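In case you want the letters, here they are:
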Amino acid sequence: MENFSIKLKVWRQKNNKTQGKFVDYDIDDLNEHMSFLEMLDVLNERLISSREEPIAFEHDCREGICGSCSMVINGKPHGPLKGTTTCQLHMYHFNDGDNITIEPWRAKSFPVIKDLVVDRTPFDRIIQSGGYISVNTGSAPDGNAIPISQEDALYAFDAAACIGCGACVAACKNASASLFVSAKISQLASLPQGQPERDKRVVAMVDQMEVEGFGHCTNTGACEAECPKEISQEYIRKMNWEYHRANIKG
Amino acid sequence: MLDSRIPPGDLSSKWSDFKSKVPLVSPANKQNLDIIIIGTGLAGASAASSLAEMGYNVKAFCFQDSPRRAHSIAAQGGINAAKNYQNDGDSVYRLFYDTIKGGDYRSREANVHRLAEVSTNIIDQCVAQGVPFAREYGGTLDNRSFGGVQVSRTFYARGQTGQQLLLGAYSALSRQISKGSVQMYNRHEMLDVVMIDGVARGIIARNLLTGQYERHFGHAVVLATGGYGNVFYLSTNAMGSNVTAAWKAYKKGAMFGNPCFTQIHPTCIPVSGDYQSKLTLMSESLRNDGRIWVPIKKGDTRDPKDIPEDERDYYLERRYPAFGNLVPRDIASRAAKERCDEGYGVGSTKMAVYLDFKDAISSLGEDTVRSRYGNLFQMYNKITGDDPYHTPMRIYPAVHYTMGGLWVDYNLMTSVPGLYSIGESNFSDHGANRLGASALMQGLADGYFVLPYTIGEFLSKDIRTERISTEDEHFVKAEKKARKRNETLLEIKGTKSVESLHRELGKIMWDNCGMSRNEKDLKNALVQIKDLKNSFWSDVFVPGSDNELNTELEKAGRVADFIELGELMIYDALDRNESCGGHFREEYQTEEGEAFRDDENYTYVSAWEFKGKDKEPKLHKEDLDYKEVTPTQRSYK
Ligand SMILES: Cc1cc2nc3c(=O)[nH]c(=O)nc-3n(C[C@H](O)[C@H](O)[C@H](O)COP(=O)(O)OP(=O)(O)OC[C@H]3O[C@@H](n4cnc5c(N)ncnc54)[C@H](O)[C@@H]3O)c2cc1C
Ligand code: SF4
Ligand code: FES
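Chains as they are written, first to last, in this note's numbering: chain X, 9 to 258; chain C, 13 to 649.
Possibly wrong hints are sitting among the right ones.
To be verified - Taking lysine-lysine pairs in the DSBU-like style, the calculated list, with each CA pair at most 35 Å apart, reads:
(1) Lys22/X with Lys567/C
(2) Lys181/X with Lys191/C
(3) Lys505/C with Lys22/X
(4) Lys489/C with Lys25/X
Unchecked claim - Facing chain C, according to a computed beta carbon distance under 7 Å, are these residues of chain X, among others:
(5) His41
(6) Glu53
(7) Glu61
(8) Ser157
If you are wondering where the hints come from, they were derived from the structure by calculation, not from laboratory data. The structure displayed is predicted, hence computed values, not measured ones. Don't be surprised by glycine CBs; every beta carbon is placed ideally from N, CA and C.
In isolation and in its complexed conformation, chain C is listed as follows:
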């Protein structure tokens, strides 16, 4: 049932062979083909502009007031590409290898190799659009090393790389909008996929300003709707990021891949109180010079200044002498949690550890530290009011990225014909753990260079399909269903706010399906989520009406979907009786407390099929076949 459609041949020539053999669609036929793209982040905006340039009719949708505000805008650190401009031995193969290994051997070789291949074109494209990447004195592009890899392959634009890349893609999109080849629908939320004869043929969207329901036909539908980290309520994702589009697709037959693979970033500003609405990431680079510690004594409330050196536990340096503070994200995160759970945490909530620059300042001088991290220190200071030059930062891990997502084949098509998923919304190329600066790369690779080719395989067979009227009964029925759901939400008129129910969900997920998981808690969480679902559908209160701008109604629909997704994530975490990447099952660890991966039994992608309301989802396995690299255990001791 699961066909990954990986082309035959040598790993390194699969993509070029594919490109030279994929059927083409003639310009005259392209004019008659409509493509719907949901989302205008890096993946969606790049796909929409590229497909429109090729001659297809594109309709693009986003829920923000402008395509320029998609969540991609917030990415800070940079974007990887195998340019080898620094002549430090980088290559397509090395980027491929690092990504497979970083993903803890749970991603597809063919996809990752293609990603590494097209990475270089991305940089060229962005430069040509006027993206102001950092430059060397001589005028060439600058690079930095990121996320513990041995080469400098990360391109960046100060701490605002995502912003600059997105504005580049947005400008290309704007050009196509002005030409009339993309019709842009801002402030529209997709509420369902319309299926006709087993093929995705359109969507139902709600105009968020007027509340009107709209039907849109497309020969193909592309979801570029981002990740679902907000299932945890608190995350570094933008407030509006949600799973609704992917979830509707799942319920229409698209399988969901590796839902439990989430990335928890170790250096975020900790929660300060129960009013907390989101978490802020502090760049990974801080760990290059900052030292992480907690007091040796439990519940020590002294000011950090007054805690002498021999009463501090630099636990990462203690546990991982070879890598120290620079261990990968998942390991650093779990170690912080372990200390805090044991009662060594600091700050008012005790759920934080220190990231201390005292030694860096005394050895490098305050000026050097300022030149390296000045803007980050300022950001920290703005939020907390503390001055990291004089008192250590307090940090704690936070949900950051979701490797899981809609299952797609090599063509980026979901298991529903005509329905594609690109960017963070698909289960993607990152396996069980994503390397820094690789999400931007993947989003733009999918949108600029992969989908525009691969979609041809499906559309070339569809050139004789006439546009289907949106008066067709399938559209009418889907619209009715979407409308009915919102009406139901408004009619419940219970006592609980959407926000409070979302918080409850977040707590269940964070406590049981977060940084570390075990069978007992997961099974417990399954019961709790079922209760929460009941409580949501019987006791939620959504004010206002359906025919106006109603942000509570929007949130209610999203949270209802998050609750169902949470359940699926737990099924997935329960199935995977091993620890790999971001998924740590307490039962499966080595004697020293490190993750124990089980290649013999779990070298597969979990693809979950929806079996109906209140029924258990069905697991399908896509076996991963490693031909090029040999999986090894990671060690950072």
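With the rest of the complex left out, here is chain X:
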């Protein structure tokens, strides 16, 4: 289908000191093969040619792996398609004449920087608090010295697939970061290499999550439903268990 039209409502906000508001844009010469971000590119080109400021949004790989893109589309982080990032969403999933609302992630810990761009550095600081295995370059044993069952490797991989986009926080009514944090904790706790720092890690990361002001998990499951990598909520249970284990031992 070519030349179909949509009506957009986009959150525009100059910076974090000013109030934002929705602005309406009509676009009427879209091609269904465009990606959602290409649709925004087209709109931005039009804004630029009428000497207006383009809409700021985050993107880089446009392949669903870097975790940059971050938009709430019609109330859903990353839009209507399950297991899909915004950049992988294509216009053929929409219909001629659709109304589409686009907003930034909304969470106290992710303040808006401009338009659809938010500050996600709390995620970096959570990883810095303990989301690693302490091994210096050059001190590693042979890769095959520690066998890891295929099952454990797959479990760790599924958790490690998180792209750090923050959709889980945006989807959660409490703005909890539990899915993101638990995925990293579960990956490292399930591997032999992660054992020495297992207890210290979970306590440090959970504490940092609190410091950053993320909300508490009340098991609504919204995070898993909206996560573009379909990270399982099971990891949150695992994180809670790990946290208690560490505290009992500690």
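Using the hints, position chain C with the ligands against chain X.
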């Protein structure tokens, strides 16, 4: 003038000899040495963490909002290492040999051998960090064969190897950030190298959130800023990948090596319209079972289902009976272009060929095909809306990787003292063509295991250099220049968007300096680029201001640099009167249309020196001396 500083001795003992003789820097002195690292992809993150662990003060920069989002994250297939875990006869020598041959004999033996040597340590390091590589049932690491080599030496983590390796390096980096030994500057773009007394002593960066210009001092500066494939506008690279840092270094005296060597990957999803912003790679592995064809009849618009077998041209199988659909990347790419240029292309744009799984499905069954390629089919389906189980995929080649980059010596130092380049940003170990799964290997080799040693040679002589104040006139001047350039861009207030000018550049480069090149078109392109440069600097429109987040301003600076780079690539392509690897000059081919390499006259690295604005760059040649391997012509017939 060009000294590659390759250590003496036997090829196989050069690196170990070097390591045992390189001067060391004492822990007390390391504390007083500052290293700036631009880029936190595989190369930058691994270097930053390793150098910080050793005790140096590191400042790291990236333009994304987090170091975890560097372009390396998107690599799919895997990483090579000469572990010989599969006991199939692999060895350091074999990996070395395959890489030299794959690069069509245009890379340095000593560097490539070192790369093969340290490849095994990379896997150990990554496993120790918790990278979840694929495993066998017994718990040992799994391998696959990749890119047509005869051994299984590729380690992988599903189709997300780059992501997992980068997250490993990012975790090591995060650990050093938490210890205060790395200061991390996200959302910062380096805009210039600061030179003092002929040595790189710092950088000018712009804070992308506030627009503030910053001066940073370093005893040494390391560029790990990735490749420049986006000079073609459309490529498989991330949208932000750019040449700016390397380009500024070039203009400060660092030579640019083999700029025209670019890799075009044969299996990408074709362009669907003029709104296209980037291209998506479909894994090379699809060619193991898919058959590539076009209709025999020109301009055939029938549905592929309705085209009978005897009206299909399986052109790779026809031209290369021995290798068929599995010929190397450059050959497969050129053959697709040839068919489409002749008018046999398919799809709405006619710039695509079919990759068909019909026969694979009927012989192996749909389930087997699904288990091998399910995720790729799904990805294809997400983008195109077509179902490859029932209708052939449409594919076309796309720019993927740049073998060229800043010229570096054995120590990975550019021709500017104190300025290093690692990862895809240097001209690297891949010669005229890179083998699959070797870029990740090189990035991590450079960052974890090579630079941390080689940088000692320079820094050990620098321990008495006091930190230089950023109030120094060289810093002040460089900042002024960077600021002025952005002000100029904002003041032009012309009529053309940055994006539209970038597209124009991409078209010039793709049409004339892409998959095949000839003197006439290249010379023409040189004129077109000069016009484009004028049109850019007189008619670009950049909205907004300099003191806020302004993505158009960022893009404008990058595109201005890409335009100049495009010119240099064309000079390089014009100089190289031969066809080798990714560089195919139409005048230099065999009667059968295959690449004709000229070892007698072109066994050198082209290193280009900047001679000033609007002046022709000067070519320096580093002769390549093959002692271990004897160059032969590739044949896939
Ligand atoms: C789709 C795709 C798949 C691939 N698959 C494979 C594969 O399977 N195996 C393989 O071996 N290779 C693969 N490659 C190639 C490989 O991914 C890259 O060559 C490699 O990751 C480059 O790493 P790097 O660290 O050199 O640079 P990058 O990862 O590109 O990092 C560049 C860094 O520099 C920073 N930067 C750049 N300019 C500036 C500036 N001016 N100021 C501040 N910061 C700056 C960026 O922020 C970023 O942090 C693939 C490439 C693509 C495109
Ligand atoms: S858990 Fe899912 S939604 Fe949350 S950051 Fe990771 S990938 Fe994004
Ligand atoms: S742009 Fe990288 S995940 Fe969407």
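Hints, one by one, checked against the model:
Annotation: proposed proximity of Lys22/X to Lys567/C holds, straight-line Cα distance about 19 Å (limit 35 Å). About 34 Å separates the Cα atoms of Lys181/X and Lys191/C, which keeps this hinted pair within 35 Å; it holds. A hinted pair counts as satisfied when its Cα atoms are at most 35 Å apart, and Lys505/C with Lys22/X qualifies at roughly 21 Å. Among the hinted pairs, Lys489/C with Lys25/X is consistent with the structure: their alpha-carbon atoms are about 33 Å apart, no more than 35 Å.
Of the supplied interface hints, the one on His41/X holds, with its beta-carbon coming within about 4 Å of a beta-carbon of chain C, less than 7 Å. Below 7 Å, beta-carbon pairs count as interface contacts, and Glu53/X has one with chain C at about 6 Å; its hint therefore holds. A hinted interface residue such as Glu61/X counts as satisfied when its beta carbon comes closer than 7 Å to some beta carbon of chain C; here the least separation is about 5 Å, so the hint holds. Among the interface hints, the one on Ser157/X holds; its C-beta lies about 5 Å from the nearest C-beta in chain C, closer than the 7 Å criterion.
Checked against the numbered hints given earlier, the structure satisfies every one of them.
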